[in-house]
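> Please model the complete structure; the sequences and the hints are all you need to start from.
Protein chains in written order, with the working numbering: chain S, 1 to 397; chain R, 1 to 397.
I should point out that these hints are in silico values taken from the structure, not numbers from a laboratory. Backbone N, C-alpha and C define an ideal beta-carbon position, used for all residues, glycine too. Some hints could be false.
Unchecked claim - Interface residues of chain S toward chain R, partial, derived using beta-carbon atoms under 10 angstroms: (1) LEU43; (2) PRO70; (3) VAL74; (4) ILE85; (5) VAL138; (6) THR326; (7) ILE329; (8) SER343; (9) ASP356; (10) GLU357.
Stated by the list, open to error - Covered stretches of chain R, going by a simulated chain S footprint (3 or more residues, C-beta under 8 angstroms): (11) 37-47; (12) 60-72; (13) 79-92; (14) 326-340; (15) 343-354.
Number of protein chains: 2
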Amino acid sequence: MTKFAWSIKKFSKNSKARIGTISTPHGKINTPAFIFCATKGALKSFTTNEAKKNNTQIILSNTYHLMLQPGSEVIANHGGLHKFINWDGPMLTDSGGFQIFSLGHGSVADEIKGSSNIKRNKSLLNINEEGSLFKSYVDGAYKLLSPEKSIEIQRNLGADLILVFDECTPFHVDKAYTNSSMKRSHRWATRSYNRFASDILYKSGYGSAGEQKLYGIVQGGIYDDLREESIDFNLNKIDTFGIAIGGSLGSSKEEMYRVVNFTAPKLGHMNPIHLLGIGDPRDIWSLVKSGVDTFDCVSPTRLARHGSALTKGKVGKINIKNKKYTNQISPIDETCKCSTCSSYTLAYIHHLFKADELLGLQLVTAHNIFFMNKLMSDIRNAIDNDNLDDAEKEWLS
Amino acid sequence: MTKFAWSIKKFSKNSKARIGTISTPHGKINTPAFIFCATKGALKSFTTNEAKKNNTQIILSNTYHLMLQPGSEVIANHGGLHKFINWDGPMLTDSGGFQIFSLGHGSVADEIKGSSNIKRNKSLLNINEEGSLFKSYVDGAYKLLSPEKSIEIQRNLGADLILVFDECTPFHVDKAYTNSSMKRSHRWATRSYNRFASDILYKSGYGSAGEQKLYGIVQGGIYDDLREESIDFNLNKIDTFGIAIGGSLGSSKEEMYRVVNFTAPKLGHMNPIHLLGIGDPRDIWSLVKSGVDTFDCVSPTRLARHGSALTKGKVGKINIKNKKYTNQISPIDETCKCSTCSSYTLAYIHHLFKADELLGLQLVTAHNIFFMNKLMSDIRNAIDNDNLDDAEKEWLS
Chain S
1 MTKFAWSIKK FSKNSKARIG TISTPHGKIN TPAFIFCATK GALKSFTTNE AKKNNTQIIL
61 SNTYHLMLQP GSEVIANHGG LHKFINWDGP MLTDSGGFQI FSLGHGSVAD EIKGSSNIKR
121 NKSLLNINEE GSLFKSYVDG AYKLLSPEKS IEIQRNLGAD LILVFDECTP FHVDKAYTNS
181 SMKRSHRWAT RSYNRFASDI LYKSGYGSAG EQKLYGIVQG GIYDDLREES IDFNLNKIDT
241 FGIAIGGSLG SSKEEMYRVV NFTAPKLGHM NPIHLLGIGD PRDIWSLVKS GVDTFDCVSP
301 TRLARHGSAL TKGKVGKINI KNKKYTNQIS PIDETCKCST CSSYTLAYIH HLFKADELLG
361 LQLVTAHNIF FMNKLMSDIR NAIDNDNLDD AEKEWLS
Chain R
1 MTKFAWSIKK FSKNSKARIG TISTPHGKIN TPAFIFCATK GALKSFTTNE AKKNNTQIIL
61 SNTYHLMLQP GSEVIANHGG LHKFINWDGP MLTDSGGFQI FSLGHGSVAD EIKGSSNIKR
121 NKSLLNINEE GSLFKSYVDG AYKLLSPEKS IEIQRNLGAD LILVFDECTP FHVDKAYTNS
181 SMKRSHRWAT RSYNRFASDI LYKSGYGSAG EQKLYGIVQG GIYDDLREES IDFNLNKIDT
241 FGIAIGGSLG SSKEEMYRVV NFTAPKLGHM NPIHLLGIGD PRDIWSLVKS GVDTFDCVSP
301 TRLARHGSAL TKGKVGKINI KNKKYTNQIS PIDETCKCST CSSYTLAYIH HLFKADELLG
361 LQLVTAHNIF FMNKLMSDIR NAIDNDNLDD AEKEWLS
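Spelled out as structure tokens, the structure:
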């Protein structure tokens, strides 16, 4: 008897948008939902208890970072990531592919994934059929990550939802490379699936960290025929619980919208659909209409660290460090019910950033996390009430 | 009708230790108590709400830092420091003297006050009868701080308890300098008192920030005759609510104990006695027996930032970054009831420090704050139960 389930509660009348529920052994996720990044096992400057109070449903951690520090064995010894980081809600881990390739290429993949601040240390040493060899940023040691190894590490980590190992193809490569990379990622996905399905731990009561479910990843860059091929692979050639949309989404928002709108509807209703690395509220309003169920991105917490608080409207954020807030005796948003807006003024938070006090980024992080969860809740309500377009207009006006 | 009061509930049988209550318009402080440093208006990486949950009674902020950023007018416009930083409990501000002189001299005053990491930028430009001229570390502007100016700024900030302006004499100067510095600090104390007592805002309903009470400061370095003179000045020449022990406490723990034990008992019972800048639990156990009622120090939060968690026993702390904690699946202290020890293991906090995650220092800060408040609560109980010596032995064993 599995504790996992995916069910759609209602479809939108005027789009492919839908509200649903992903059930996991650690609780339910009401979709559309946003997944916050606890990259190295910690939401940046934020406790899991606070995240829960700010309505967070699910967080993700990164195989790549955790395999290097503290090492997945340490986490397995600890009874898995849930216990290690004190988060008893649903969790996802990525496969490590994205970080190896975006950190390793030092490529534009960073940019389209909104991670332009990552150090470009060209740590990727070699990539071949077996997997990819890279240099640890922690101690300089050589590390091989393969589909089998990625799954084993994710088994050790023990998140509810895990991903197949893939190459995150950058957007500046040509169609031929995108095609061969996609085909290799499909072979890697099959190997990931085989390792996942045959895992001795998995079959013998699911190991210490509990049962898990696998997500496939749709590749194919900006090329419709390749996307079609990858959609067919994910729907018909491997049997995964969920499907993520990965690979390059092009070099502009328009291209991204086109690729997602081409891909997501063809994935149907049998699997929850995750879009990798997208977190701009404007994009989310648009892309739920293609049928995307979950999103993840480092942006809410990263923006907070740089002093940007998320707000409704077209611009979508304010710069806390702006001098005009020196005497602003009102919160970031008068209507916001987050712990920061209930207790602190812009004048104070502005002062904290000017004075280099860590508390400043913590307070904005709380607001941004609450904000994203409110956004997703408003989207779910709008789908439920058949007024998604109106709600979007109101939010962005 | 004043809302301020000082009352002693009970004296220890075998020492000068006492338990009492300082009442302020923002609540009562049960003494002996520890005052946590929110230097620039923020407990380092910690919200005031969390501080309260961890049993914090009173916090202090620094005139020197706040006059430079954001400026005391900004805080006055905001309705005072309590509203600015969202802390509705008792607060104290220092006069700015200590920072001007310790930062300005770049002297050993840093070390004996436990602040050896402060940048030594020799910002103090001139000191004369009027006050002291220094260069702002924020914008390089010349600033004069005088007794009158310090009180005006502290009136703007609006803490419950405020301090007279003094020179914090370093310990390496000779007796002649200590003597003349003390006499000038006495003249400055009189001017501080006069400005405080004659303040128009103060007399006309206490301004926006509410009523305040003044503390004098006992000077005199390590010289008994000078300490006697300063004690006489503070008890008989100005009329303050509380009295702080300041100036140099010597170059060793033994000298500090001697100076405090010489000074505090002579201050009697009519005023709460504060000891400036001391926060080592071993010192606190010892110095409450001289009759000290309140202590302050940056050490609990500073130690946390450097990965040291406070513990009972002779050593008094553990280094979270020590490799031996990699797989330690138990909290910092099994018996501790703080939010960190209830939720997180040493293995996880060790990982956070290794991974440069800010959450690590936040979690240790929570523990250290709770720890200091538990220490003071245990001391109060021990005085109440007449077993202070036994309780100290047990705590330090």
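> Next, verify each hint and record whether it holds.
For each hint, the structure was consulted:
| no. | hint | in the structure |
| --- | --- | --- |
| 1 | LEU43 | holds, 7 angstroms |
| 2 | PRO70 | holds, 4 angstroms |
| 3 | VAL74 | holds, 6 angstroms |
| 4 | ILE85 | holds, 6 angstroms |
| 5 | VAL138 | holds, 8 angstroms |
| 6 | THR326 | holds, 6 angstroms |
| 7 | ILE329 | holds, 6 angstroms |
| 8 | SER343 | holds, 5 angstroms |
| 9 | ASP356 | holds, 8 angstroms |
| 10 | GLU357 | holds, 4 angstroms |
| 11 | 37-47 | holds (count 8) |
| 12 | 60-72 | holds (count 3) |
| 13 | 79-92 | holds (count 4) |
| 14 | 326-340 | holds (count 4) |
| 15 | 343-354 | holds (count 9) |
Going through the hint list in order, the structure satisfies each hint without exception.
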